[in-house]
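*Asks:* Please build the complete structure, drawing on both the sequences and the hints.
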Amino acid sequence: MKRAMSCPAMITACVAVIVIVAAPATAAEPICDKSDIRVVNSMREIAQPYHADLDKGGRLFAAWAGLKDYVLQLNQGDSDKQISLMRLLMATNPRCTIFNVEPNADLVVKPMVDAANRSGAWIVTHWAHNEGLHPFDGNDHWIAHIAVDSLGAGVAISRHLVDAIGHTGGVVALQGRLDTDPARKRFAGLQQVLQNTPGVRLLDQQTANWDRTAAFPIVQTWLTKYGDRINGVWAANDDMALGALEALRAAGLAGKIPVVGVDGIPEAIAAVEKGEMVATVSSDAYYQGSIGLAMGTCVLTGQVPLPASWPKEKREFYLKLVVITRDNAAQYLREPQPSAYVADWQCDKLWNRSTGKAF
Amino acid sequence: MTEPVLRVEGLSKSFAGVCALDDVSIDVRPREVIGLIGENGAGKSTLLKVLAGVLRADRGRIIVRGTPVSSVNVAAAAASGIGIVFQEQAVLPNVTVAENILLGHERRALRAGFYDWRTLYALAVTQLDKLGAGISPSALTATLSFGERQLVEIARALAIEERTRHEPIILFDEPTSMLDAHGTETVLGQIERLRLRASVVFVSHRLDEVLRVSDRICVMVNGRCVSTRDRAMCNIADLERVMLGRELDAAYQQQAPLSTHGRKVRLSVRALSRQNSYQGVSFELHAGEVLGIAALAGSGGESLCRTLFGAERADTGEIVLDGRAVRLREPADAVRLGIGYVPAERRLEGIVGGLGVRENMTLAHLDELRRGPFIDLAGEEQLVKSWIQRLRISTPAADTPAHDLSGGNQQKVVLAKWLIGRKLKLLILDHPMRGLDIGVKAEMFALIRELAREGLGVLLVADTVDEVMALSHSIVVMKDGVISGRFPATAAKPSRLQVLERMV
Amino acid sequence: MTPTGHQGPVGSRPASAGPELRSWAPLLALIVLCLGFGLAEPGFATVENLWTIADRSAIPLILAVGSTFIILQGSIDLSIEGVMAVSSLTFAMCALNSRTGLDLGVLGLVLAIFAGAGLGLLSGLVTTCLRVPSFMVTLGVWSLSAGIAMLLSGDQPPLIKDPMLRAFGLGRGLAVPNLFLVAVTVVLLGYALQSYTRFGRYSMVIGGGEDLARLLGLPVDRYKVLAFAFAGLLSGLGGALESARIGLGHVEVGVGQMFATITAVVIGGTSLGGGRGGVLQSVVGTLTLAVLTNGMIFVGISPYAQKAVQGALILLAVLVTTWPLRSRLRIVK
Numbered sequence: 001m002k003r004a005m006s007c008p009a010m011i012t013a014c015v016a017v018i019v020i021v022a023a024p025a026t027a028a029e030p031i032c033d034k035s036d037i038r039v040v041n042s043m044r045e046i047a048q049p050y051h052a053d054l055d056k057g058g059r060l061f062a063a064w065a066g067l068k069d070y071v072l073q074l075n076q077g078d079s080d081k082q083i084s085l086m087r088l089l090m091a092t093n094p095r096c097t098i099f100n101v102e103p104n105a106d107l108v109v110k111p112m113v114d115a116a117n118r119s120g121a122w123i124v125t126h127w128a129h130n131e132g133l134h135p136f137d138g139n140d141h142w143i144a145h146i147a148v149d150s151l152g153a154g155v156a157i158s159r160h161l162v163d164a165i166g167h168t169g170g171v172v173a174l175q176g177r178l179d180t181d182p183a184r185k186r187f188a189g190l191q192q193v194l195q196n197t198p199g200v201r202l203l204d205q206q207t208a209n210w211d212r213t214a215a216f217p218i219v220q221t222w223l224t225k226y227g228d229r230i231n232g233v234w235a236a237n238d239d240m241a242l243g244a245l246e247a248l249r250a251a252g253l254a255g256k257i258p259v260v261g262v263d264g265i266p267e268a269i270a271a272v273e274k275g276e277m278v279a280t281v282s283s284d285a286y287y288q289g290s291i292g293l294a295m296g297t298c299v300l301t302g303q304v305p306l307p308a309s310w311p312k313e314k315r316e317f318y319l320k321l322v323v324i325t326r327d328n329a330a331q332y333l334r335e336p337q338p339s340a341y342v343a344d345w346q347c348d349k350l351w352n353r354s355t356g357k358a359f
Numbered sequence: 001m002t003e004p005v006l007r008v009e010g011l012s013k014s015f016a017g018v019c020a021l022d023d024v025s026i027d028v029r030p031r032e033v034i035g036l037i038g039e040n041g042a043g044k045s046t047l048l049k050v051l052a053g054v055l056r057a058d059r060g061r062i063i064v065r066g067t068p069v070s071s072v073n074v075a076a077a078a079a080s081g082i083g084i085v086f087q088e089q090a091v092l093p094n095v096t097v098a099e100n101i102l103l104g105h106e107r108r109a110l111r112a113g114f115y116d117w118r119t120l121y122a123l124a125v126t127q128l129d130k131l132g133a134g135i136s137p138s139a140l141t142a143t144l145s146f147g148e149r150q151l152v153e154i155a156r157a158l159a160i161e162e163r164t165r166h167e168p169i170i171l172f173d174e175p176t177s178m179l180d181a182h183g184t185e186t187v188l189g190q191i192e193r194l195r196l197r198a199s200v201v202f203v204s205h206r207l208d209e210v211l212r213v214s215d216r217i218c219v220m221v222n223g224r225c226v227s228t229r230d231r232a233m234c235n236i237a238d239l240e241r242v243m244l245g246r247e248l249d250a251a252y253q254q255q256a257p258l259s260t261h262g263r264k265v266r267l268s269v270r271a272l273s274r275q276n277s278y279q280g281v282s283f284e285l286h287a288g289e290v291l292g293i294a295a296l297a298g299s300g301g302e303s304l305c306r307t308l309f310g311a312e313r314a315d316t317g318e319i320v321l322d323g324r325a326v327r328l329r330e331p332a333d334a335v336r337l338g339i340g341y342v343p344a345e346r347r348l349e350g351i352v353g354g355l356g357v358r359e360n361m362t363l364a365h366l367d368e369l370r371r372g373p374f375i376d377l378a379g380e381e382q383l384v385k386s387w388i389q390r391l392r393i394s395t396p397a398a399d400t401p402a403h404d405l406s407g408g409n410q411q412k413v414v415l416a417k418w419l420i421g422r423k424l425k426l427l428i429l430d431h432p433m434r435g436l437d438i439g440v441k442a443e444m445f446a447l448i449r450e451l452a453r454e455g456l457g458v459l460l461v462a463d464t465v466d467e468v469m470a471l472s473h474s475i476v477v478m479k480d481g482v483i484s485g486r487f488p489a490t491a492a493k494p495s496r497l498q499v500l501e502r503m504v
Numbered sequence: 001m002t003p004t005g006h007q008g009p010v011g012s013r014p015a016s017a018g019p020e021l022r023s024w025a026p027l028l029a030l031i032v033l034c035l036g037f038g039l040a041e042p043g044f045a046t047v048e049n050l051w052t053i054a055d056r057s058a059i060p061l062i063l064a065v066g067s068t069f070i071i072l073q074g075s076i077d078l079s080i081e082g083v084m085a086v087s088s089l090t091f092a093m094c095a096l097n098s099r100t101g102l103d104l105g106v107l108g109l110v111l112a113i114f115a116g117a118g119l120g121l122l123s124g125l126v127t128t129c130l131r132v133p134s135f136m137v138t139l140g141v142w143s144l145s146a147g148i149a150m151l152l153s154g155d156q157p158p159l160i161k162d163p164m165l166r167a168f169g170l171g172r173g174l175a176v177p178n179l180f181l182v183a184v185t186v187v188l189l190g191y192a193l194q195s196y197t198r199f200g201r202y203s204m205v206i207g208g209g210e211d212l213a214r215l216l217g218l219p220v221d222r223y224k225v226l227a228f229a230f231a232g233l234l235s236g237l238g239g240a241l242e243s244a245r246i247g248l249g250h251v252e253v254g255v256g257q258m259f260a261t262i263t264a265v266v267i268g269g270t271s272l273g274g275g276r277g278g279v280l281q282s283v284v285g286t287l288t289l290a291v292l293t294n295g296m297i298f299v300g301i302s303p304y305a306q307k308a309v310q311g312a313l314i315l316l317a318v319l320v321t322t323w324p325l326r327s328r329l330r331i332v333k
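Residue numbers (the working numbering), protein chains in the order written: chain F, 1 to 359; chain L, 1 to 504; chain U, 1 to 333.
Keep in mind that a hint or two might mislead.
In silico lysine to aspartate or glutamate, DMTMM-like type, Cα no more than 25 Å apart, as pairs [unchecked claim]:
id, chain 1, residue 1, chain 2, residue 2
1, F, Lys357, F, Asp78
2, L, Lys385, L, Asp367
3, F, Lys81, U, Asp155
4, U, Lys307, F, Asp179
5, U, Lys307, F, Asp163
Hints were generated in silico from the structure; no laboratory data involved.
*Replies:* Structural data, given as structure tokens:
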């Protein structure tokens with residue numbers, strides 16, 4: 001006569017069945033249906049190429065991911081407006097809304113995060129935020145903060161500038177809006193490099209508020225004041241660098257005096273290729289405009305666990321920057337293809353471009 | 001019987017239910033001067049404004065040389081040959097005299113759209129010469145005196161002469177009321193000269209002027225032209241009677257002499273001087289006394305008044321009120337000390353046009369109507385009503401905007417504004433009778449006498465001898481900024497000639 | 001015949017300091033500024049810097065002439081920046097550029113100017129026909145134009161590639177910056193209009209007494225519309241020229257110009273209430289601001305302090321200009 005399975009075997013089998021059946025339940029459940037997901041890019045304006053590319057990146061992602069509801073919010077430099085626009089959308093279907101945010105000012109991040117926490121909407125921020133505030137401090141709806149190492153960017157371009165003038169001479173600096181973190185950090189990068197390069201002097205610095213039209217007359221005046229004591233021009237962003245370039249052009253000095261900037265806009269890359277600019281730094285606007293949405297989508301579709309369970313360095317990290325010089329300008333001149341980013345949008349590759357924790 | 005150059009038939013106009021013109025019909029013959037007289041509010045100004053295109057009549061016709069015209073605006077009226085010189089100055093201060101005179105009609109001085117200034121000036125001078133005015137055509141109008149600006153406005157009306165092929169009809173709305181003796185002479189002379197080639201309708205309060213230059217006189221009462229007579233058949237007394245409808249008591253013209261013995265000195269002015277206005281002015285004003293300052297325009301009388309009210313600062317000298325030296329830095333100081341001021345240009349300086357009668361009256365003394373932070377509205381209403389009655393102010397309601405009232409009633413409102421304050425010590429009247437008609441004048445005279453009797457000190461400045469003499473107990477004459485004659489209350493009353501010769 | 005020779009009532013001219021003294025104050029302020037900066041920093045007082053200042057003030061001068069007529073009439077134009085943006089983009093897209101296939105050269109400039117004039121015309125018509133205050137209308141046109149410009153710019157601002165136009169924007173004719181030559185021409189034109197045409201004189205009249213002007217039948221509305229169209233035209237010219245200089249059609253090409261223009265007109269002595277001032281006064285005001293900004297860089301005033309210094313000096317200039325008028329009974333709004 002055959003015996004039935006032994007008791008231990010049966011128990012093991014039962015447990016196995018239960019585990020197999022229950023396993024998917026322990027993985028993250030989809031919070032939202034894909035058709036309900038709304039992705040939002042919140043930025044200052046659309047007129048600058050940098051912002052235009054942010055928006056393009058977001059749209060590319062939405063198209064690739066099959067998300068129909070893409071919203072662009074512009075605040076024209078008004079912090080209150082940025083928050084109120086976000087709150088507007090948070091009033092409807094917040095659980096399935098993902099905000100990818102370029103904060104208008106550092107201080108604006110806290111109210112944004114509070115609003116997200118209260119309403120259940122999801123938010124990813126870039127660049128910089130208030131001191132002492134972190135996603136991993138219980139802000140469960142603040143998926144991640146992707147910091148840009150503005151100091152690193154400033155240092156990088158300054159190094160290229162002093163190299164280009166042979167470590168000796170005088171430079172002038174165009175600062176961005178003095179009350180923004182990128183402006184301060186980038187300039188700090190310049191000062192750091194200058195400290196280590198005794199042969200180079202900072203002749204003068206003014207603010208042109210990120211604007212090329214403002215940069216032009218300032219550089220013009222400097223040329224009159226300092227004449228050929230100016231060996232190089234440092235600008236905290238590409239728009240100002242290009243304005244400076246035109247002023248140099250008016251004086252017949254385009255291409256003769258090295259210029260550096262930050263942002264990596266196509267015009268600047270073209271200038272670098274031509275030799276009129278020496279270097280610029282790109283944080284890759286397409287990436288910045290899409291990665292937050294990708295992260296959020298992965299969370300909402302359940303393909304990654306909730307952010308509250310992530311390790312700290314995955315919630316706040318530095319973005320890899322690319323320094324563009326004559327050597328590699330050509331490859332960045334081409335219009336980027338979606339295929340170049342798809343790899344980074346995969347839910348298991350979301351931290352591809354992280355260079356480490358940012359806290 | 002010559003065909004009338006201007007005929008008005010059945011003209012009617014109402015403002016907010018108040019009838020200003022009531023079926024007016026009048027003829028103006030070629031080369032004639034019609035004098036238009038009547039009490040304040042009789043409709044003289046309104047009639048002129050309708051003729052000139054400033055206002056549109058509700059009913060009626062205006063016919064110029066047999067052709068009906070509808071003057072939709074001043075330019076259209078001018079095109080049909082009707083020009084007007086306004087009562088309240090209508091010149092632009094920030095452009096040149098020539099531009100004011102030829103405003104809107106510079107075409108003859110334009111070459112290819114560009115101004116030929118020399119021609120423009122020449123055209124302007126042509127008009128100015130008619131008036132014998134030595135005003136430079138390139139002068140900025142703001143630098144001219146009141147009288148000179150008036151002449152510029154007249155020159156502008158006269159310019160119609162050159163533009164129409166027919167003789168123009170010129171309307172004068174009280175042109176002489178703000179002018180001094182010389183200015184008046186000029187205007188009257190000009191009107192007489194105009195008669196040679198134009199028709200004139202001339203409104204004035206001064207019956208003697210009207211009698212002098214008019215061929216016919218039309219008396220308006222309550223919006224109707226009740227009587228039109230040839231000049232030869234009129235005299236002043238007649239006209240007054242028609243205007244008022246009653247006999248005038250001439251007794252109001254005379255004041256009983258005043259004894260200053262035992263009266264305390266209300267105001268003492270010592271060696272007051274202000275550069276370019278007046279020098280070394282000293283006098284004393286007792287409680288209950290009316291001191292009249294007889295001064296031609298520009299002799300310092302008006303400036304002195306403004307100084308005593310704190311609107312202008314004297315350079316040296318002392319002002320002593322009720323025995324205490326005071327420093328008046330601004331009018332608010334004066335008001336606080338109990339000084340009131342009724343200005344000469346009441347429309348500009350006396351009332352706030354857009355505000356109602358009630359608000360205008362209580363303006364200067366809101367403090368006294370306060371209950372905590374709020375105005376005691378019931379109390380205010382009571383007070384305002386009593387003053388409207390007492391001064392017989394003719395107004396549709398207590399809230400009527402002040403600029404809708406006639407000149408005389410506006411003057412009464414200004415007066416009430418000061419009288420409302422309970423601690424008024426000194427009242428300064430700057431040309432109080434300017435632009436008022438006989439009836440209102442009589443009321444004013446009575447009122448001022450009454451105020452003086454109650455112990456108020458009254459200081460007035462006027463440029464007509466009659467006015468000063470009729471009202472004042474004592475007279476001070478000013479000429480070229482200094483006191484040229486004194487006639488204290490206790491002395492014998494001066495003759496008109498005595499006063500006049502010290503004024504001019 | 002009335003006796004001639006008598007000038008009217010005696011002693012009746014206003015006793016205050018004549019208007020002449022007051023109107024020289026802004027020019028004096030400018031001279032003092034120049035002297036001050038020149039003494040503090042010798043490099044400031046060179047011919048080269050003179051042309052730098054001239055170049056910097058070229059566009060503001062053009063804008064100031066347009067605003068002068070509007071402000072003389074007692075209105076205001078807040079739409080300058082928006083109109084400049086539209087004309088900048090129009091110009092850039094019509095010239096040889098990186099976005100469209102057009103290559104219209106100078107015709108592009110003409111079209112840009114027309115665009116500006118058209119927007120100005122819109123402002124003028126809405127103000128006069130619908131009787132909306134110019135403050136509000138031009139604010140609306142500013143928004144509208146900025147929006148149009150953003151649509152035109154899209155995500156890729158057009159870069160100007162026409163070498164002749166760029167050379168004009170950046171270059172000099174006989175040591176004098178080209179744009180400054182254009183500005184001088186515009187100033188002379190403005191002065192001629194102000195002193196010798198009905199447009200100019202009637203603008204004064206309207207500012208000095210619009211009610212009276214209407215009463216006397218002057219076509220006030222017509223001249224108001226003209227003033228706005230003219231200002232729009234000049235804003236258009238300014239936007240296009242600035243684009244030629246920096247090399248692209250830019251939505252932000254006019255940022256800050258509205259406030260700067262009105263400030264320049266006011267410190268030059270043209271009253272915001274209308275009826276007083278003029279083109280030459282605005283020129284003085286514009287140059288003062290340009291000298292101020294340039295001088296501060298020369299003297300080395302830190303960028304953190306510049307805005308404060310600028311504001312303080314503007315207050316001082318206004319104070320000096322209006323000091324003689326400080327009689328306590330003057331109404332100030």
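*Asks:* With reference to the structure, classify each hint as holding or not holding.
*Replies:* To see whether the hints hold, each was checked on the structure:
Among the hinted pairs, Lys357 of chain F with Asp78 of chain F is inconsistent with the structure: their alpha-carbon atoms are about 30 Å apart, more than 25 Å. Proximity of Lys385 of chain L to Asp367 of chain L is assessed by CA-CA distance (about 18 Å); at most 25 Å being required, the pair is judged to hold. Between Lys81 of chain F and Asp155 of chain U, the direct Cα distance comes to roughly 22 Å. Compliance with the 25 Å bound is thereby established for this hinted pair. Taken as a hint, the Lys307 of chain U and Asp179 of chain F pair is honoured in the structure, with Cα atoms around 14 Å apart against an allowance of 25 Å.
The straight-line distance between the Cα atoms of Lys307 of chain U and Asp163 of chain F is roughly 34 Å, outside the 25 Å bound, and the hint therefore fails.
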